[in-house]
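Residue numbers (my numbering), protein chains in the order written: chain A, 112 to 892; chain B, 429 to 861.
One or more hints might be untrue.
Listed next, with one range per pair, are the computed distances between beta-carbon atoms [stated by the list, open to error]:
| # | chain 1 | residue 1 | chain 2 | residue 2 | range |
| --- | --- | --- | --- | --- | --- |
| 1 | A | E364 | B | E751 | 22 to 30 Å |
| 2 | B | F674 | A | Y159 | 29 to 37 Å |
| 3 | B | F674 | A | S281 | 35 to 43 Å |
| 4 | A | K362 | B | I501 | 19 to 27 Å |
| 5 | B | F676 | A | L151 | 41 to 49 Å |
Simulated from the structure, these hints should not be mistaken for lab results.
The beta-carbon is built from N, C-alpha and C at its ideal position, and this holds for glycine as well.
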Amino acid sequence: MNNKELNNGNVKKKKHIKGPKIRLWHRTFVVLSVIMILFLAVIARIGYLQIVQGESLQKSAINQQVRELEISAKRGSIYDTNGEVLAQSATVWNIILAPIYIKDDIEREYIVENLAKILDLDKDDLMENSKKKSYYVTIKRGVNKDVKDEVLTFVNGIKDAIKDSYPKNSKGDSTYSNTNIGSLIVTEEAYERYYPYQDFASVVLGFTGSDDQGLYGLEYQYDDVLSGVNGKILTTTDTHGVQTPFSYEQKVEAIDGYSLVLSIDETLQHICEKYLEQGIIDNKVANRAVAIMMDVNTGAVLAMAVKGDYDPNNPYKIMDEELAAKIEEIKNDDERAEARYAAQSAQWRNKAISDVYIPGSVYKVVTTSACLEEGLVTKDTTFTCSGSYVPFPGSASIGCHNRNGHGTQNLKQALSNSCNPAYMQMGNLLGVDNFFKYYKAFGFSSKTGIDLPGEAKDIFFTTLGYYGGMSLSDLAVGSFGQNFSITPIQMITAMSAIANGGKILQPYVVRQILDSDGNVVKTTETVVKRQAVSENTTSQLAEMMQYNATYGTAKNGYVAGYRVAGKTGTSEAKRDANGDGIKDYIASYCGFAPADDPKIALLVYFDTPLSANYYGSAVAAPAFAGIISEALPYLGVEAKYTEEELALLDTVANNYIGMSVAQAKNKISEDGFAVIVKGEGANVIDQVPANGEKIPKGGTIVLYTDEVSTDDTVVVPNLTNMTLSNVNRVAALYNLNISISGMPSSSSGELLSYSQSIEEGTSVKEGTVILISFKENDEVM
Amino acid sequence: MRNSAINTKIQLSSAAPDLTRQPNNQKVRTPTPNNKKNSVKNKRKNLKDRLKIFRVGFGIDTPLLIFTLALVIIGLIMMFSASYVFAYAQQGDSYYYLERQSIFAIVGVIVMIAVSYFDYKKLAQTRIFNRFGIPISIVLLAILLLVIVLIVGKDSEGVSRWIRLGPLSFQPSEIAKFALILFLADYTSKKAKKMDNFKTGVLVPLILVVAFCALLVLEPHYSCTIIIIMLAAIMLFLGGVKIRYFIFMAGLLGVAIIVVNFTVGFNYFAERLGGWGNTLEFESYQQWQDTWQTRNSLYAIGSGGIWGLGLGQSRQKYLYLPEPQNDFVFSIVCEELGFVGSTIIILLFAILVWRGITVSMRAEDLFGRILGTGIMAQIGLQVILNLFVITDSLPNTGISLPFFSYGGTSILMLLFQMGIVLSISRNSFSEKV
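Okay, chain A solo, but in the shape it has when bound (with noise of 0.2 Å):
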């Protein structure tokens, strides 16, 4: 074409048209022809975009355009045995900033100003967050829907809050614009771990990390099965993130955590930590306590109680108030931070797995399981305590904790009276090749393999130079639990195999593990591990130990009905944790119930009670007594009485409201009890106790017979420290019944009330019931 139009001009100027003509003809070639050469031009620059660069352009295209949201899993849930939710996670939200998008200072400030004080972060943290060049910075974690819709409110409004910092133009309006103000902040869903129970059974479930990863206790065993697999989407979204009607959108389902269903029942927890609470308090102890409940013929731990713990919600928090204070006092930064997170791990740490203990008394059943599986002692074997014994020439004499000795006992007498030149004979019989053999068999020198992190191995003597090597001396001791140290975990399972016939069984704390939809993933097995001693010598000690608990040194540990077999603890720390110059105790009980078809075996234990009786009959046989109480009716273990019980026990008030004053005077005579009439009525309108509540037999009954007596109390004195006759007498004074229910039948010394149920001072009225416990204060190994 462009020779064509050439040879037009060409030929044009030969014809006619002179000078201006044909000189537009040649330019207009030229300019057509340079124009031409532009559009080829244009062309090969869009080609060379297109075909050459057209790969990496449309990369760098789609890494703008795709993004890959991720999608996270949901966390499991952590229920009891019953389904009662222990832990669970909650939709929360992460607070994203992409400081790109900041335009400029003015800005800038305001947005860390008013962000700071929405998120309660600290102002200039979050300006250095701001000047990152980047499109993801998260500004803050995990916070609730409210505070979410806050910051979304806060960023629409921007434009208009500080538009007027801006200069106006001609028209009066700002000259602030920033298109991207709809990027600069963005939500990101999340979940947070939360733990409706707060400092309950903490140690055992653990708690979860800023990322939902497991860090302690459960949630860190079962990170794995509880953390599910996160998915993600690949989308196409435009600028403001928000999706593309496009195709090629890939999405990868999330698959949600697996749940766990613990063996742990949250009541029976409940009420262990309970009364570790209170003996925590009552007994001012130093290092914590524990109680560890386990089904016998499962090996399922029904529950797990470490006091002195902490609130999974907020781990970092020191929950003890006065080591928090004290830490908050050290000047030095340092050693602040270190005195803190020393506080923060000894809370979190499972002191009923991690931590060992010298075993002391409770060691006993062990000893005397050994020497009857062996046939060395029968239940009539007969050992002599003079009140102290040297166990093999040579020795220094050891004592007895009764220095006027134990006399001649059979068997269960020296059980019952955990004496020790008793055990010190018993471990002569035995030698240190069976003494180590049942302290294997039982299944002390391993760990027990719980599923739970962090489970601490057993101290056992390596005075030869390898492990098991003992000496004599320490055969002596160590046949009455001193000088080694187990774990609790350890001590329950032992005491669970002689509850259940001899078979060591593997602990547990998940029974179940379960998918997202609640199907059943993994139910947990029981597993026996090994049968320790025989059946005989089992059934030989459950008759020992309930002997024991019932008249023996472990009595305070009886509960009415429920034929508890025990055997208290106190051992010799062989350290000064807290520091007073006294060395530190540990008071610990373990048994198990029902003695004629146990059920439950129990080891509670407090370490370093700096009340003055530090034993273990008077500082753990409490608790024990008080979770077997009240555990026991929950697991719907019938209570059987003995006559003897049957006196004492309680029984309930009938109804005499109604009834004429001479009526109900009768009535109440027929039932057994003595009444009191308060008021001038005719007609009883109340009375204390009401209908249906507990009444000891014998008590006393008010009635009230006008609206004015009605309102006629009596203030609660105190009643501890007393004898069963001062109490008694005491609250006669005020017109007060006592249930006195739980008390040991018989008691060869001298038994002094310790808590009662009403705190003096109270205004009750007159008839109330007050429930005062007692415990025989005998300073018993």
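Fit chain B to the given chain A structure using the hints.
What follows is chain B alone, placed relative to chain A:
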């Protein structure tokens, strides 16, 4: 009848160009030279001739009309496709730009057809108040409007480009471009023989160009300034100004740029370039922000590949490419229609320019030839500059794409000017019929 005539024309145009000039003026120019009696009659007839401003001639050049309409329709479709997301985001109505542009396009096409019936020669011949020719009148009108816009047209960003008349607004610069073409076509054709003379060829036109440019720089509207300068150069080149004077004027332009740079501030132009040529990498927020539009244009073009993502399938229009209805509409065209589709459209533009210029060159007078060529060169120039901008081959200065970019004044003026070219086409090939 008409169809056959057109066919003949097409054949002639490609086959035997030398024939086109042959039997001159039979119908057009020959007022019958009668005797003296008829002198009064002649006078009347002359008057009648003068008043006869409509002229069908030999019919318009149908290919030119078809190419124009094709580009208008494709332009509308692609502008809609590119803009509906942005329109929804900005105006809450996906059809916002389509509706407005369609109205202007329809009005524009009517204007174009109507104008094609006018005799373009009247533009040069008619005098207002028997004094001013139409070209100089339009130049004066353009200058007046350019002054007015400086006074009343300031917008939110301190730029004054628009004059608002109620709901409508228009850009005087569009009129200025046409005024320049019309004036220089008239001027150079009338003074054709003196155009190599410095005073006639350079000095007088330069006064007009400088006046326009000064007013446009004040707006400021640099892209239009550049187009005015380039158009003026093309018109003067066509008009026959000597090459060495162009060198002189280029030197003058260089001096002007340096003066502006120093008076407005150092690095002023460098700043205007706004990171041009370094679009895909960026170091500062400012630069990242400045090159956003161009970068996303490149992403869009590159994403298209050979075959494109398909009509309506652009992703970059999802608010990544700001104002995709304006200058960067063709980036979305490239993304959706790919290299094949975009090349076809560019070739359509090229053919339109080619056809327009060749048809104009067959006009019977110098004025028509230069006017038509000038108009078509302007369209070609804008297309090329726009495409260079969206491909990051030139800095982002704000040049719209004819028939594609959103803008009422623009499409109206374009179609009006196409109408003139069509009018010229009625007079082409007259010799051969």
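Each hint, compared with the structure:
no.	hint	verdict
1	E364/A / E751/B: 22 to 30 Å	violated, 39 Å
2	F674/B / Y159/A: 29 to 37 Å	holds, 31 Å
3	F674/B / S281/A: 35 to 43 Å	holds, 40 Å
4	K362/A / I501/B: 19 to 27 Å	violated, 40 Å
5	F676/B / L151/A: 41 to 49 Å	violated, 30 Å
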